[in-house]
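From first to last, the protein sequence lines stand for chains A and B.
Just so we're aligned, residue 1 is where the first sequence starts under our numbering, counting upward by one.
Just so we're aligned, residue 1 is where the second sequence starts under our numbering, counting upward by one.
Please note: incorrect hints may appear among the correct ones.
It does not matter which identical chain is used: a pair holds within one copy or between any two.
20 Å max Cα-Cα, derived EDC-like pairs, lysine to aspartate or glutamate [said to hold, decoys possible]:
#1 Lys119 - Asp178
#2 Lys308 - Glu136
#3 Lys119 - Asp15
#4 Lys29 - Asp201
#5 Lys308 - Asp90
#6 Lys308 - Asp144
#7 Lys119 - Glu147
#8 Lys119 - Glu78
#9 Lys29 - Asp149
Read the hints as simulated data drawn from the structure, not as lab findings.
Number of protein chains: 2
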Amino acid sequence: MIEFEPPLRLHLDGDALVANWRFLQRQGKAACGAAVKADGYGLGAREVVTRLRDAGCRDFFVAHWGEASAIADLVPPEWISVLNGIQPADIPLIQQLGAIPVLNTPNQITMWKASGGGKCHVMIDTGINRLGIGPEQISSDLFDGLELDILLSHLASADEDNEQNAAQLVVFADIGQDIICMRRSLSNSAGIMLGANYHFDLTRPGLSLYGGIARLEMAGSIQPVVRLFARILQVRQLEAGDRVGYNGRFSCPTQMPIGTVSTGYADGYLRAFAANGSASDQGQELPVIGRVSMDLVTIDISMAPSLKEGDWVEMNYDLAQASSSTGLSQYELLTNLGTRFNRRWT
Amino acid sequence: MIEFEPPLRLHLDGDALVANWRFLQRQGKAACGAAVKADGYGLGAREVVTRLRDAGCRDFFVAHWGEASAIADLVPPEWISVLNGIQPADIPLIQQLGAIPVLNTPNQITMWKASGGGKCHVMIDTGINRLGIGPEQISSDLFDGLELDILLSHLASADEDNEQNAAQLVVFADIGQDIICMRRSLSNSAGIMLGANYHFDLTRPGLSLYGGIARLEMAGSIQPVVRLFARILQVRQLEAGDRVGYNGRFSCPTQMPIGTVSTGYADGYLRAFAANGSASDQGQELPVIGRVSMDLVTIDISMAPSLKEGDWVEMNYDLAQASSSTGLSQYELLTNLGTRFNRRWT
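Chain A extracted, bound-state conformation:
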């Protein structure tokens, strides 16, 4: 197949990724793992795992078994934990792969024991009511004979100052006293900032590794990892009154030069950016005008009149700011980045 250079790029900063992991690790004495599910939050799990492994990370969390399989040549498979549990048909392949299941229900514990078992993790639901064994489902013999490494739970509201955090902490600490395990783990990125008593033995940040600001306290410390660049495909001078894009939503107030840029909602740059999105060129902000198309965005280049066909511009993608202006979460802004980008790691 003939390979063309894609006209849109993600610049991915491996040093920032590692610095973010180290910052999160420094918040306490617990070991710091990494959530690399959803292909490393859209950035590329293999590149993320390689860099964090080299920095000293030893615990990687994915959602699906296919995601574990896709990184299992990069680290010892027992460093990989699969959050979304097990299905009977998968068990022989799981044992062949050697990654560690997070068992989420009494039924999964029974299946795992019946299959011959081996090392496993268990998720306890302490109040998010999503995945995990509820306190009411724990019986005295449920964990007997289980080779239990990590006892996990997950915080529902760690990004807020919310009494639910302390309530979940109490439940988890109480339950953990009665269950024999090697390690305990509760906190995601935001949870790490709630204090060392939320850390237990192992934390497992995701969002903030990738530059997301999970809580405001980290805004000065977490570095951006992702930048978007795309080529200008066309520059044209429009007249006052000319309308731009689908349904003519933008009308030129005056004569102005516009640039048509090679990215769009099929790349994850959703239509929600039409109102507040912008590009940058040499410090000048170039507002998105008109609707975002599937493969194209139009920008006002009045402030950068030397831009021409073939030039690259940066699409501004500060996660916290873009989240606030589009109503999309920082998580969605990362995980929806599409496959057409040339992902370039430095």
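Guided by the hints, dock chain B onto chain A, whose structure is given.
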């Protein structure tokens, strides 16, 4: 690499795809092409091209050269048109590939002529002001020596009853009289429904091939192509007052069974579905409750109490209805469908 069966599937109906193409073709005497950019609007360009080729489609439109390269073994390359123009560095590879460029600027026409040329298409901008040569940029000798197959333009407001449609039609018809070309093409899915005078020689629908309702007139004729299915990973009985999901946004009004389903916003099932999304099981509608997570959605299964861990449910994904309830366009609902789905064509 060990292959696991993904816990989430797209059921893709090849017969519906072909029936939609035939319906669009029947609206007039023009040939009917197919927009297969953005990986066939997220469904899989290779599968789409194969089926439409076998049904008789001879013109396939992509945005990027990499997208042309990815399907060039399936059809004669000259059946593939690349909408987003040319860059100087790509020209040797373009000539090697043999797909046909859509030239969008006077500069691209000059470059193409200088490179030795060959068959090409030209996009005229008749009012969307996004890509294409503006009427004011056309000089008497611009097209001299060009082996021009299709003269294209693109409608901005074909999904509305808007005077812009007739205005664009008049401009395109006028310009087309002065330019020597083999074929002329103006209409996307919605444009086809504006009447045969919008069709010229070739139409190039996208959205409605894939089940999208580009205009209400087609609602009874266009068939859905995509259905989403995902496994239930866990079933649990909750008590009145229990809160579900991130930030505890949903509070159980009474005792109720919930199911946790294996899809989330990383798969394109965005958080906008939290308020109005639902699953289906045997005709029962099972509302999404709480926030959509990255890999998980929680649903109220009170109406389907026999559902259990490991069962599959359908996530309701009627494009027009989901667009109306989420504020996302039908296009975004298709193109954001993620890579973790097992895409199963029938």
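Hints breached by this structure: Hints 3 and 6 not satisfied by this model.
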